[in-house]
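Please assemble the complex out of the two chains, which come individually in their own frames, going by the hints.
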Amino acid sequence: MMAFAFLESLLVTGVLVLLSAMLPSNWLRDGFIYKGLIIVGMMSLASIILQRTMQGDLPTLAVLTLIWFTPLVWASVFIILAQRSPRVQSILREIAERMSIMLFLYLPIGFLSLMVIVFRILL
Amino acid sequence: MHQFTGLTRREFLKLISLMPVGIFSRPISKLTRTLNSDIPNIIILVFDAWSQHHVSLYGYPRQTMPNLEKFAEKATVYHKHYTAGTFTSSGTASLLTGLYPWSHRVLHLGAAVTPRHATHNIFSLLADTHSTLGYAQNEYADQLLYALGAELETHVPNWDFNLQNSNPYGNHIFDKNPRIAFASFEDNLIRRLKGNDASMFFGPLLRLHILRNRAKYADLYGEEYPLGLPKSDEMYLLEDVVEGAIQTLRGIQSPMLAYFHFYPPHDPYCPTKEFFEKFKDDWKAPEKPIHDLSEEKLDAKELHFNRRYYDEFIASWDSEIGRLFDYLNESGLTNDSYIFITSDHGELFERGIKGHFTKLIYDPLIRVPLIISRPGQTRREDVHTLTSSVDILPTIANLLGHPIPPWTEGKVLPGLGGLEDEHRSIFSVDAKYNSSFALLRNYSISITRDNHRFIHYSFPKDDYEKFEFYDLNRDSNELRDLYPAKPSLALEMKDELMQKIEEVNQPYRR
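Chains as they are written, first to last, in the working numbering: chain Y, 685 to 807; chain Z, 280 to 789.
In isolation and in its complexed conformation, chain Z is listed as follows (with noise of 0.2 angstroms):
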């Protein structure tokens, strides 16, 4: 047998001559790839706190989104359809990755993806045969966007659309960083205006900056937005924003996944002039008890004013992403796109909490719109089976022929080539006082299952544990806890729960 001794100077020279072969075959591999048009597009839409509980397409009393309930007449509505986080960084990982976020523990504000499902996404997915581009207003959901690296070919950053742009990550020098980049001024230097910043003398300098900027802004288009304008981390107006997609869309190359999440209707709440006031009427949603664990302890009145606001701002919003849906139309992408829109979670405007950054595990805060559009489709369909946000990487895979990923935990949606299941169970978790790296012990998760929801709140650190059940089809609201009667589904429900928590657990165990 012929035994390896070495190399010799002429050998190593010649294997040396192919380095720039080695270091340019990647990008060449990319630019070779066969763009067949024939694929269609996947375009999917994120709005931000966008809970189904405010959208009038889904009976909402309130006529909030008459633009969607139109673009909804030709597409798939999927009604009850649940977020797998229960805020941006966790949810928009679980859409992005088609894992819950006990899989892909992005536990935290601006984490991310553990390295073990880091190329597990629907833009690696599609790689082969879609351009890709992102855009995440949202600067978390941004930070998961930096995370894919080269798998992203187009990322707008996600000031592009708006009004100011004042982070110090997005400057070119920390192209490279851009994360930790990110990290370090977001825990510790200069936090813009989000509580202390360590920097001594550039942290109130650049708030000044941005002060000053909004006073401006505030100036020129404050008449427009009677309660202030709107802010992401920046300000922006609606329009800019939609106007920005519309360009950005115009210029793709089919076929594209393109992934737009929006920050509207997103927290602060600020109605155009035309909406604001528009739901200054008499009807009031079920009042509740404030909960255990609210945070805020909000008072019926304050949460009333607060969810007439969000609703203003969603109208406001679908006034201006209608204009988004007639392009869509007129530019037939409709005809040869798949058009996803969804939201990351959704928002709770109830038992004293206002918001989506809590403890409660709610309804509202986890059921969020689902609406897709098949190429050309002509008439409305309805999805009544429980689906989850982690269903939608299988499904493009399935949609694309690609085979499923044996990593996912989503299944193939209903509608759109997979099976209705009456029985499946549906998680949606929160775990944001837990750490990444350890056993999941601090956590809000519900399951929904045959119209029933069981809530675990597991609290070891504070010495607090609650187990609720609820009757979905009696008792929409979650008003009547049925779980101090210990009815049997409640117990199987649990103890599916407290299997599913030691299986995830394992490969944290020491």
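Here chain Y stands alone, though its shape is the one from the complex (with noise of 0.2 angstroms):
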């Protein structure tokens, strides 16, 4: 499980960093980390209800869009209004910093987990 997450972690920030290679210089990579943690996290709520929408049947696309864009909309209009407040960027950068304290144990244990399924894999 935790190879699992190391890995959906490692791609979600890889297409983090990409997008804010490719965009404007202002639209993400300027306060990566605010803008980041605010779209991870409408992202993720995103997905939550989607679990919770796709139990039997399929969704109709418009409620597939209204649940994928709507997040993508709400982190929009947050990053506008944290870009407007110095103070709410901080309070972001301070939540993100002492998440991330999380990554010394996270990080070395994904690691070694999915280096215990290459092994018993090409084992």
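Simulated from the structure, these hints should not be mistaken for lab results.
Even for Gly, the Cβ is constructed at its ideal location relative to N, Cα and C.
You may find that some hints are simply not true.
Stated by the list, open to error - Straight-line C-alpha distance at most 25 angstroms; calculated SDA-like pairs for lysine to any residue:
hint	chain 1	residue 1	chain 2	residue 2
1	Z	Lys473	Y	Leu750
2	Z	Lys455	Y	Ile805
3	Z	Lys740	Y	Leu750
4	Z	Lys510	Y	Leu745
5	Z	Lys455	Y	Met686
6	Z	Lys455	Y	Leu807
7	Z	Lys473	Y	Leu787
8	Z	Lys455	Y	Ile801
9	Z	Lys552	Z	Arg602
10	Z	Lys455	Y	Arg777
11	Z	Lys455	Y	Ile793
12	Z	Lys495	Y	Gln739
13	Z	Lys773	Z	Leu758
14	Z	Lys473	Y	Pro743
15	Z	Lys765	Z	Gln778
16	Z	Lys473	Y	Leu807
17	Z	Lys473	Y	Met799
18	Z	Lys576	Y	Gln739
19	Z	Lys473	Y	Ile733
20	Z	Lys455	Y	Met799
Said to hold, decoys possible - Sample of chain Y residues with no beta-carbon within 10 angstroms of chain Z, all distances over it, derived:
hint	residue
21	Val701
22	Ala705
23	Asp714
24	Ser728
25	Ser769
26	Arg771
27	Val772
28	Glu778
29	Pro792
Following this line, the structure appears as structure tokens:
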């Protein structure tokens, strides 16, 4: 599970880094930490809602679009609002930094788990 | 006396040169096994969640299985056959190992046989004389096949005859550890519409993919199945599954032990258009009071509808499986094979319960069909003594002249070399709320003996204990609990059960 979460986190971070490199710098690269936090937070919320919606039947295209795009719209709104408030930016940065402490545990365990799986597959 | 003083470098090099022989000797020994075509095949057909109470062959008033009746005209029909487990993993493990759940310890869905009995099963029993093939459409039964490893020569993946496959554990990169991959995905990561996924992004994406596929197939084949397409974890068509089995049997190399575990008539009950509403009649099963332990507490009307759909699904399955029976006859396999047709467990539509994943343990859940066709059998025989799913393994051993393994808890079936034992006790065990590694304390166990049933519901976790006792001759619907009067047979059976529990708990006492 840790290995899978590790890969999934790498992928999400990778997509964000790629986007920041591709988009104009003031869209995402400047203030990457707080903007990334808002985007990941909102997309996670979308993912949870999507899971709850897709328990047995395929939701309509309208519902799917709504679930995916509403958080994106909210993320954009929050980013625009945060851009205007240095205090909100510093709060979000503070949260991100405190959460990053978890990485000292999470990254080695995730990496180790991945290595275990790789060796089990290869040997 | 010559004393070992270690190896010289020369001796070490000589020995190491033998290493490749050591590595390859096992496969070679398998390849050089002489397959003697005079030895009969063993073909086991398991229909999942198939209760004897719904089969016309056994006197059910609805004509659910005419093709099976035809097949049984040249076979032996066991009328009092009971499964040792009450759901797929547990019931299938008993069938394959000849052990009761308290011994094989597959007490939960997806669990594995305890290491002590890991090599005790029909496949290893016949490994020297038969090539082996296994197919289990139910992924929990499939896990038991995966656990066999190299003992199973041909493992047909469970999704092979389905319309879709979204099993992440079936991916080739997990070939060496399919069971760990299955458990990781099933328990946490991607549960494929069975609760919530831990995976935040891949989970919903896979859900979307599965549901899109389902919608596509529903559009394509929905007209043929008015209540929706049958699903194991994946959608399938009854005809495809039967066709897949026929094609697989076409390629077998005799003598073969072939195990086919089909998902139908497991829920969801999805009759075909031809059989939908076939049993929309006035017939009603006797109503039974809702039990204290009933989780769902469904009312009689809902149970009645579900029973009807189940019967119609069985009839749909019979219509398709009839083609497999025809193939077995036309191909001559009935002349050189023992064919076993049975189930891993039954299904309940009473006391507020629909299905089999329940604490309740009554006749429709544990009494399952068993029909065995001997090579070249020309007339029907009927056996009315009590038999159990743990008897299948020793019977196969006996039929093929193998010694009966000392570890099996079953007996050779009457009609196939065994003796009729009128006073034998048959156990059915459900302990899914008990740890597989601890003393057996939380369970529902039924003993059937001398046309009576004694049931012990023991759930100390919930502070619940109940004993029930039924006279199956006078009260086949198990409606009048005689235990409050404490008849002597009930007390005798209670003592027997308590002794048995004590005995099977011994290895787990610290």
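Against the structure, the hints come out as follows:
1. Lys473/Z / Leu750/Y: holds, 24 angstroms
2. Lys455/Z / Ile805/Y: Holds, at about 6 angstroms.
3. Lys740/Z / Leu750/Y: violated, 45 angstroms
4. Lys510/Z / Leu745/Y: holds, 24 angstroms
5. Lys455/Z / Met686/Y: With a Cα-Cα distance of about 19 angstroms, the restraint between lysine 455/Z and methionine 686/Y holds, given a limit of 25 angstroms.
6. Lys455/Z / Leu807/Y: holds, 9 angstroms
7. Lys473/Z / Leu787/Y: violated, 30 angstroms
8. Lys455/Z / Ile801/Y: holds, 10 angstroms
9. Lys552/Z / Arg602/Z: Given pair lysine 552/Z, arginine 602/Z holds - Cα atoms ~18 angstroms apart, limit 25 angstroms.
10. Lys455/Z / Arg777/Y: violated, 44 angstroms
11. Lys455/Z / Ile793/Y: holds, 22 angstroms
12. Lys495/Z / Gln739/Y: Holds. Lysine 495/Z to glutamine 739/Y sits at ~17 angstroms (cutoff 25 angstroms).
13. Lys773/Z / Leu758/Z: holds, 19 angstroms
14. Lys473/Z / Pro743/Y: holds, 17 angstroms
15. Lys765/Z / Gln778/Z: holds, 18 angstroms
16. Lys473/Z / Leu807/Y: violated, 33 angstroms
17. Lys473/Z / Met799/Y: violated, 29 angstroms
18. Lys576/Z / Gln739/Y: Given pair lysine 576/Z, glutamine 739/Y holds - Cα atoms ~23 angstroms apart, limit 25 angstroms.
19. Lys473/Z / Ile733/Y: Since the Cα atoms of lysine 473/Z and isoleucine 733/Y sit roughly 15 angstroms apart, the hinted pair holds (cutoff 25 angstroms).
20. Lys455/Z / Met799/Y: holds, 15 angstroms
21. Val701: Holds: least Cβ distance 16 angstroms, greater than 10 angstroms.
22. Ala705: Label holds. Min Cβ-Cβ 20 angstroms, cutoff 10 angstroms.
23. Asp714: Check passes; 26 angstroms lies beyond 10 angstroms.
24. Ser728: Per Cβ check, serine 728/Y is inside 10 angstroms of chain Z; nearest 6 angstroms; violated.
25. Ser769: holds, 28 angstroms
26. Arg771: holds, 29 angstroms
27. Val772: holds, 25 angstroms
28. Glu778: Non-interface label stands for glutamate 778/Y: nearest chain Z Cβ at 23 angstroms, farther than 10 angstroms.
29. Pro792: holds, 19 angstroms
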